[in-house]
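Engineer: Chains as they are written, first to last, in numbering that gives the first Met the number 0: chain A, 0 to 171; chain B, 0 to 212.
It is worth saying that the hints were derived from the structure and are not from the lab. The reader is advised that the hints may include incorrect statements.
Mimicking SDA-like on lysine to any residue, the simulated pairs with C-alpha atoms at most 25 angstroms apart in a straight line are [said to hold, decoys possible]:
1. A:Lys108 <-> B:Pro28
2. B:Lys76 <-> A:Ala127
3. B:Lys76 <-> A:Arg135
4. A:Lys85 <-> B:Lys120
5. B:Lys76 <-> A:Asn100
6. A:Lys91 <-> B:Thr146
7. B:Lys120 <-> B:Leu65
8. B:Lys34 <-> A:Gln141
9. B:Lys96 <-> A:Gly119
10. A:Lys85 <-> B:Phe98
11. B:Lys153 <-> A:Lys85
12. B:Lys76 <-> A:Asn102
From a predicted model like this one, the values you see are computed outputs, not experimental measurements.
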Amino acid sequence: MWKRDEAPKPSAPAAPAPAAHQPVSTASVPQPENRRIERDVVNIGKSVVIKGELNGSEDLTIEGHVEGKIELKDHVLTIGPNGRIKAQVLAKSVIVLGEVNGNVTATEKVDIRDGGSVDGDIISPRVAIAEGAHFRGTVDMQRKTAPGQQAQAVKPAAAATTTAPQPHAAAH
Amino acid sequence: MMALSDLFSRRRKDDPEADGGASNAPTHPTKALKKFLATLGSHAQPTLLDIGPVVGHNVTFFGEHLGCKFQVEELSKDIDRHAREDKLAELPEYLSKRFPQSDESFDGILCWDLFDYLDKKSAQALATQLVRVLRPGGVIFALFNATETLPTTKTYTRFVVVDDTNIQHRPYSAARSKQKPLPNRDIQRMFEPLRVIDQFLLKTNTREMLFRK
Chain A
0 MWKRDEAPKP SAPAAPAPAA HQPVSTASVP QPENRRIERD VVNIGKSVVI
50 KGELNGSEDL TIEGHVEGKI ELKDHVLTIG PNGRIKAQVL AKSVIVLGEV
100 NGNVTATEKV DIRDGGSVDG DIISPRVAIA EGAHFRGTVD MQRKTAPGQQ
150 AQAVKPAAAA TTTAPQPHAA AH
Chain B
0 MMALSDLFSR RRKDDPEADG GASNAPTHPT KALKKFLATL GSHAQPTLLD
50 IGPVVGHNVT FFGEHLGCKF QVEELSKDID RHAREDKLAE LPEYLSKRFP
100 QSDESFDGIL CWDLFDYLDK KSAQALATQL VRVLRPGGVI FALFNATETL
150 PTTKTYTRFV VVDDTNIQHR PYSAARSKQK PLPNRDIQRM FEPLRVIDQF
200 LLKTNTREML FRK
């Protein structure tokens, strides 16, 4: 009985067999996707203080202090729990777990997680604010569709609300 | 055997955008919200002020469905701070200077039940400011308790718009309890020169009121 439960485990992706091809000493072997993300993300550590303009073409995680301007047009900016930002922020996506003082513009999404704080205006087509997050400012979700397209775009959204309102209620 | 509901609750816990336990909060019908939304919808890109606690879902709802420019001024934190520091006497003056926005900035204001936590002077100070920042033709949506609550019950409520006829109520701890319910006449005077365009007494003993400038 008990042995049967253990049997399926070797069939999982993190099986010992692939380890032969890629020697990794840690027990928890990261998924190939995770490894790629780790390689592309740059970290700014807790003790780092930057004053000025920060530009980049990689995903960035900030745990330190940044004052000035941050621009990652096509990449994800993560403000870690220790991150303190006093800057204008422009990125593809912004995830906030720390503190941001300044306006945030994202071309895809701004996500303020539990414990995250934003004092400033947000411009982004998608905004998620978790309970427990602090936000003070304006949210502009910029509906850029033309008036003719707008009616069509609203219809499916309205239909989704009437047919299945529950997922909306549980979303944030 | 695992129930389907268990699977969903597990998924929510893993979902970083979900609120833990929020799905258990009761949902109550609303009568006035539909009219409030209809009024907002008549503007091209309405500007909306929310003075209640920030609710991500509402930001999405008003932003994506109505194309609102959404401003959050969470007053419950200010009330809590004054209550904790025993400075409630200073609250009316604080509220009269709290809003940096210029006159006639908003097409709609969501007050939720915040007035229930204010004494008369503070409520008047806040109402005066809200009337000031509301545009002509703009509307205010507010809830007022119709019955007294126990002073030991210290909770705020996050009101989550499910759709135009339902609102989910999610209570969370507060430093101050609700005050004595204000009579309708006092409420109307407080918001003068606005007109009450709709008023409903719900089964939850809550009065929903819509004011228009």
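Engineer: Give a verdict on every hint.
Structural biologist: Results for each hint:
A hinted pair counts as satisfied when its Cα atoms are at most 25 angstroms apart, and lysine 108 (chain A) with proline 28 (chain B) does not qualify at roughly 31 angstroms. The straight-line distance between the Cα atoms of lysine 76 (chain B) and alanine 127 (chain A) is roughly 20 angstroms, inside the 25 angstroms bound, and the hint therefore holds. Between lysine 76 (chain B) and arginine 135 (chain A) the alpha-carbon distance is near 11 angstroms, which keeps this suggested pair within the 25 angstroms criterion. Restraint check for lysine 85 (chain A) and lysine 120 (chain B): the C-alpha separation of about 36 angstroms exceeds 25 angstroms, so the hint is violated.
At most 25 angstroms may separate the alpha-carbon atoms for a hinted pair to count; lysine 76 (chain B) and asparagine 100 (chain A) meet this at roughly 18 angstroms. Restraint check for lysine 91 (chain A) and threonine 146 (chain B): not satisfied, since their Cα atoms lie roughly 49 angstroms apart, outside the 25 angstroms limit. Pair hint lysine 120 (chain B) plus leucine 65 (chain B) does not hold up; C-alpha atoms about 34 angstroms apart against a cutoff of 25 angstroms. For the hint linking lysine 34 (chain B) to glutamine 141 (chain A), the alpha-carbon distance of about 24 angstroms falls within 25 angstroms, and the restraint holds.
A distance of roughly 19 angstroms separates the Cα atoms of lysine 96 (chain B) and glycine 119 (chain A); the hinted pair therefore holds under the 25 angstroms criterion. Distance hint between lysine 85 (chain A) and phenylalanine 98 (chain B) is fulfilled; the C-alpha atoms sit about 22 angstroms from each other, no more than 25 angstroms. A distance of roughly 35 angstroms separates the Cα atoms of lysine 153 (chain B) and lysine 85 (chain A); the hinted pair therefore is violated under the 25 angstroms criterion. A hinted pair counts as satisfied when its Cα atoms are at most 25 angstroms apart, and lysine 76 (chain B) with asparagine 102 (chain A) qualifies at roughly 22 angstroms.
Figure legend: structure checked against the earlier numbered hints; hints not met, in rising order: 1, 4, 6, 7, 11.
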